[in-house]
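Q: Each chain, letter by letter, is given below.
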Amino acid sequence: MAMKKFMNDPADLTPELLEGYVAAYPSKVKLVNGKLVCRAEEKSADKVALVTLGGAGHEPALSGFVGEGMLDISVVGDIFAAPGPPNVYQALKMAAEKHVGVLFIILNHAGDVMSANMAMDMLENDGLADKVKIINTHEDIAPGVDTPIEDRRGLVGCVGVYKVAGAAAEAGKSLDEVFAVADKFNNQMATLAVALKTATHPSTGGAIFELAADEMEIGMGQHGEAGTGRSAMLSADKTAEVMATQLIKAVGATEGDSVLVMINGAGATTLMEMFIVFRGIKTYLDTLGIKIGASCVGEYLTVQEMGGFQMFIAKLDDELQAAWDAPADTAYMTVR
Amino acid sequence: MAMKKFMNDPADLTPELLEGYVAAYPSKVKLVNGKLVCRAEEKSADKVALVTLGGAGHEPALSGFVGEGMLDISVVGDIFAAPGPPNVYQALKMAAEKHVGVLFIILNHAGDVMSANMAMDMLENDGLADKVKIINTHEDIAPGVDTPIEDRRGLVGCVGVYKVAGAAAEAGKSLDEVFAVADKFNNQMATLAVALKTATHPSTGGAIFELAADEMEIGMGQHGEAGTGRSAMLSADKTAEVMATQLIKAVGATEGDSVLVMINGAGATTLMEMFIVFRGIKTYLDTLGIKIGASCVGEYLTVQEMGGFQMFIAKLDDELQAAWDAPADTAYMTVR
Amino acid sequence: MTITAETIQTMILSSATELRSHHEELSVLDSATGDGDHGTTIARAMDAVVKAAQDKASEPIGEMLHACGWEIMCSDGGSTGPLYGSLYMGMGKATKGKTELTGEDFAAMFEEGMATLRKQTKAEPGDKTLIDALVPGVETLRASIDAGKSIPEAMADSAAAAAAGAAKTCDYQAKFGRARNLGERSIGPVDAGATSMSYLFAGFAAAL
Amino acid sequence: MTITAETIQTMILSSATELRSHHEELSVLDSATGDGDHGTTIARAMDAVVKAAQDKASEPIGEMLHACGWEIMCSDGGSTGPLYGSLYMGMGKATKGKTELTGEDFAAMFEEGMATLRKQTKAEPGDKTLIDALVPGVETLRASIDAGKSIPEAMADSAAAAAAGAAKTCDYQAKFGRARNLGERSIGPVDAGATSMSYLFAGFAAAL
Ligand SMILES: Nc1ncnc2c1ncn2[C@@H]1O[C@H](COP(=O)(O)OP(=O)(O)O)[C@@H](O)[C@H]1O
Ligand SMILES: Nc1ncnc2c1ncn2[C@@H]1O[C@H](COP(=O)(O)OP(=O)(O)O)[C@@H](O)[C@H]1O
Ligand SMILES: [Mg+2]
Ligand SMILES: [Mg+2]
Ligand SMILES: [Mg+2]
Ligand SMILES: [Mg+2]
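The listed protein sequences derive, respectively, from chains A, B, C and D. Numbering follows the working numbering, in which position 44 of the first sequence is assigned residue number 45; successive positions increment by one, without gaps. Numbering follows the working numbering, in which position 279 of the second sequence is assigned residue number 280; successive positions increment by one, without gaps. Numbering follows the working numbering, in which position 144 of the third sequence is assigned residue number 246; successive positions increment by one, without gaps. Numbering follows the working numbering, in which position 15 of the fourth sequence is assigned residue number 117; successive positions increment by one, without gaps.
These are computed hints drawn from the structure, not numbers from a lab. All values derive from a computational prediction rather than experimental measurement. Keep in mind that the hints are not guaranteed to be accurate.
[Claimed, not checked] Covered stretches of chain A (in silico footprint by chain D; criterion: 3 or more residues with CB under 8 Å from a CB of chain D, positions within the stretch not fixed): (1) 177-190; (2) 203-217.
[To be verified] Using C-beta positions, here's what the derived DEER-type ranges look like: (3) E211(A) x D10(B): 27 to 33 Å; (4) A41(B) x P254(C): 31 to 37 Å; (5) S123(C) x E211(B): 22 to 28 Å; (6) S236(B) x D215(A): 33 to 39 Å; (7) E256(B) x K153(D): 40 to 46 Å; (8) T204(C) x A181(B): 52 to 58 Å; (9) G145(B) x D149(C): 39 to 45 Å; (10) V33(A) x R231(B): 38 to 44 Å.
Beta carbons: idealized from backbone N, C-alpha and C, even for Gly.
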């Protein structure tokens with residue numbers, strides 16, 4: 002069957018989507034050298050810059066969060082493919098030469114990590130590596146919380162890291178301080194994904210996985226990499242409870258604690274469904290006496306038109322709550 | 002085939018989704034009487050209130066735009082079904098009793114219009130109807146621009162009306178002034194929808210329309226009501242040009258004019274695709290010498306997991322540009 | 103011969119049962135030219151009707167019918183709510199305070215219901231809406247009563263005329279509702295609302 | 103017997119052709135356990151390789167190979183970019199400034215390529231990655247050269263060993279890359295990256 006997507010030559014997907022994005026939000030972002038999405042107006046040099054990298058095809062992530070209060074540069078690869086080391090190096094160099102420090106946020110996926118490592122090696126040759134601190138996100142709990150962190154993927158949690166670290170950077174904190182807040186958040190967050198329906202890889206036209214008509218899969222990755230939790234379809238309430246139970250356990254939240262809950266739609270799952278799921282989570286957390294200090298429901302990191310969502314929970318303290326609530330002005334996350 | 006959606010009892014879809022929505026955004030919205038989505042903090046009485054009505058299942062529309070700078074009350078019906086006159090009446094009464102005036106925005110769909118008319122009759126009995134002015138949106142150009150306006154549907158353009166009228170209301174303008182800005186915008190906007198893939202009606206589990214594997218339909222309504230423009234799949238650039246050509250003609254924009262362009266995803270169409278389409282529009286408008294004064298790309302009024310999008314274009318002048326750029330703080334549209 | 107409030111209640115419940123038993127078919131019909139939910143909406147409206155008819159069992163006919171209409175209005179029924187709601191409310195207005203109805207009362211009740219419904223819409227016969235079942239249904243009822251037939255006989259004639267009217271909608275092009283944008287492609291399927299209206303009349307007739 | 107820069111260029115172009123002709127198969131293999139794009143990525147990387155090999159046709163072997171590696175890195179190739187890129191860059195490092203290679207040079211070139219690639223990943227043979235084709239391919243090449251075989255003979259042995267290594271990955275459980283979260287469900291299909299690596303070796307051998 003023909004792929005039903007609005008596109009021109011599949012080989013041009015990434016450059017065209019980036020051109021369209023910056024054309025739609027010219028007051029927020031600009032494109033440097035074709036693959037680096039940078040703020041339209043640069044942050045002042047005395048503030049720490051935030052740099053991240055990742056494949057395209059997950060819009061609005063990652064580049065949708067470039068702007069005041071969040072990222073400074075997003076290095077874009079190709080569809081579901083990490084950017085090559087040279088571009089990552091260029092972004093790090095630009096940021097490190099201009100700013101007092103750079104927080105470099107890497108989602109734990111093999112290609113991203115390898116590219117990031119090679120770029121850091123190149124930066125080392127320039128004597129700039131000391132200005133960079135790395136946060137590696139790996140909050141997927143699908144393989145189990147005892148799994149070594151290098152085996153746990155980075156999912157939508159990166160958006161939370163951009164937000165809290167971005168607030169610290171915008172406030173003029175030092176690199177060590179910005180790192181500290183990001184690291185704290187990174188260590189008390191967890192995500193679990195559930196998939197209902199496959200998506201079409203826009204370059205190949207092929208389905209990225211298969212699921213039977215009555216099946217769902219908890220633990221699916223964000224490129225259709227399967228997890229280990231296939232089951233029959235559950236109700237929204239049951240799905241919410243099963244997933245929230247594991248997440249709450251993973252972050253170690255107990256009665257009286259406050260958490261951030263994010264529901265991130267994979268693509269085809271409606272906000273209607275996500276609201277119903279959110280209601281289920283709220284009901285469940287109420288029974289545990291856990292407070293929802295902050296929440297958002299929407300599409301932040303998608304997987305084309307996949308059906309499903311990622312449920313994200315992080316423990317909040319006053320510092321993280323304030324950082325989450327701080328102003329931001331990006332195309333896909335704005336806080337007044 | 003079983004419907005693959007996260008839900009509980011289909012009969013509870015609307016109340017559950019509304020509960021989930023207000024639970025996720027408690028600082029922005031609250032639920033009154035089960036079906037009225039109101040601002041968490043009411044606007045002061047000396048400002049004009051904005052009230053709208055419509056069915057559920059199109060999230061984030063319409064209730065996602067309740068908040069500072071946009072709507073005051075959204076009266077929610079059931080899935081794809083207008084709210085009954087009694088609830089609409091209650092909302093209008095609440096708003097008219099408290100505020101200096103009410104702008105009542107109705108999307109032109111049979112059920113909504115009938116409900117609104119009956120509610121206005123009831124309000125007349127209370128002597129409150131004079132405090133209300135009505136904007137009926139009917140910017141769908143699918144049936145042709147010469148078609149009588151009662152035969153043209155209201156599509157995503159309502160969101161633009163909420164924004165510009167909301168800015169005027171927030172600025173303390175009189176009802177006549179708020180009406181005037183909304184009316185001006187309403188008369189120089191146009192929308193065209195394109196569908197690629199059907200959606201499942203969440204109450205029945207049935208597909209809302211059929212399209213062959215290689216077909217698209219320009220002019221599809223937002224409930225799967227067919228249009229008249231079935232054709233073979235076109236490229237993103239071609240789709241953008243075909244649609245933009247008609248819209249530009251409908252709003253009468255010419256060289257030197259400035260327009261607002263909104264791309265509204267129907268549900269399953271990715272931001273990636275919409276960015277590529279936006280790039281196509283930009284290229285086309287550049288050739289005409291028409292400036293894009295404002296733009297946004299995202300999901301504002303969805304049709305479940307339908308594949309496709311609505312392209313919206315409105316002519317801007319300084320007043321409308323300023324109103325569009327004015328601050329807003331709703332769950333699904335925030336402007337700093 | 104007259105009929106009592108109890109019989110009217112039986113008619114109401116009978117038509118609710120009839121409509122609910124066809125809800126899936128009605129949604130399928132609606133999906134051909136509309137948004138595929140007419141059966142769902144009708145089922146929700148009929149739940150409201152049954153509740154109102156039971157709550158108001160001891161009240162006069164007009165009060166019972168008015169309550170049915172109001173509850174339909176409250177059921178968030180898209181186009182169906184205001185249309186069906188005002189049909190019942192108009193029928194209630196004509197029978198306010200009455201506990202039994204003559205043949206003349208009975209025909210007038212339907213006429214007032216139709217008039218109230220028609221205030222909500224400019225649709226005329228031939229426009230492929232529920233008007234295409236309602237108008238022949240009510241006109242035939244009046245003609246049969248005027249011809250001296252009994253209420254059950256007249257109601258049976260009426261139901262047959264409503265059904266025939268609904269069946270003919272397949273030849274019409276939609277001028278109202280969600281189907282109007284389809285243009286000529288709306289010709290072919292019968293209209294969902296006309297079909298449900300014919301089941302309403304069939305349900306009334308079956309109870310007598 | 104030695105081989106020239108021209109022959110190396112022929113080998114590079116031959117392997118690019120071989121890999122590109124299998125790109126659909128490679129994406130299908132990747133979709134079983136990964137994200138279904140390995141063929142797309144490889145095709146993009148090979149476009150870069152062909153361009154570099156042509157641009158640097160008049161330069162020494164090491165410079166040509168280095169350019170190929172660098173262009174792969176620049177092609178935004180997910181996991182493939184750093185891995186394949188460093189293989190070529192390592193091969194280039196070992197042959198910097200050389201315009202022809204002895205058998206010993208030839209084996210050393212592959213060894214240095216493998217070593218550079220392996221700096222990027224902790225994957226070992228048996229972990230169901232391209233390492234499972236690369237290691238037997240390079241080790242067999244070295245053994246055949248040491249046993250006195252000609253470069254074409256050794257390369258043919260090497261390609262056969264790489265293919266056998268790739269074929270065996272169907273029995274392994276993935277420990278790296280996107281497939282690792284599948285656990286035991288990753289057993290069954292052969293690994294996409296190991297398969298492409300075996301085609302790379304096959305392409306090299308076919309040119310000699
Ligand atoms: N303006 C109108 N006038 C008369 N009948 C209408 C009108 N709009 C819709 N209808 C009737 O309502 C039916 C659809 O009802 P329903 O599906 O419940 O409402 P909606 O169109 O809001 O989803 C149509 O088949 C038609 O008979
Ligand atoms: N960490 C790793 N170490 C070694 N090989 C790897 C690693 N990660 C992935 N691979 C190889 O790369 C192949 C997938 O490549 P490709 O699909 O191009 O990249 P991606 O996984 O980024 O989409 C896998 O089949 C595997 O052989
Ligand atoms: Mg990939
Ligand atoms: Mg409806
Ligand atoms: Mg309908
Ligand atoms: Mg892959």
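Q: Hints first: check each against the structure and report whether it holds.
A: Verification of the hints:
{"no.": "1", "hint": "177-190", "result": "violated (count 0)"}
{"no.": "2", "hint": "203-217", "result": "holds (count 6)"}
{"no.": "3", "hint": "E211(A) x D10(B): 27 to 33 Å", "result": "holds, 29 Å"}
{"no.": "4", "hint": "A41(B) x P254(C): 31 to 37 Å", "result": "violated, 57 Å"}
{"no.": "5", "hint": "S123(C) x E211(B): 22 to 28 Å", "result": "holds, 26 Å"}
{"no.": "6", "hint": "S236(B) x D215(A): 33 to 39 Å", "result": "holds, 36 Å"}
{"no.": "7", "hint": "E256(B) x K153(D): 40 to 46 Å", "result": "holds, 41 Å"}
{"no.": "8", "hint": "T204(C) x A181(B): 52 to 58 Å", "result": "holds, 56 Å"}
{"no.": "9", "hint": "G145(B) x D149(C): 39 to 45 Å", "result": "holds, 40 Å"}
{"no.": "10", "hint": "V33(A) x R231(B): 38 to 44 Å", "result": "holds, 42 Å"}
In summary, the numbered hints that this structure violates are 1, 4.
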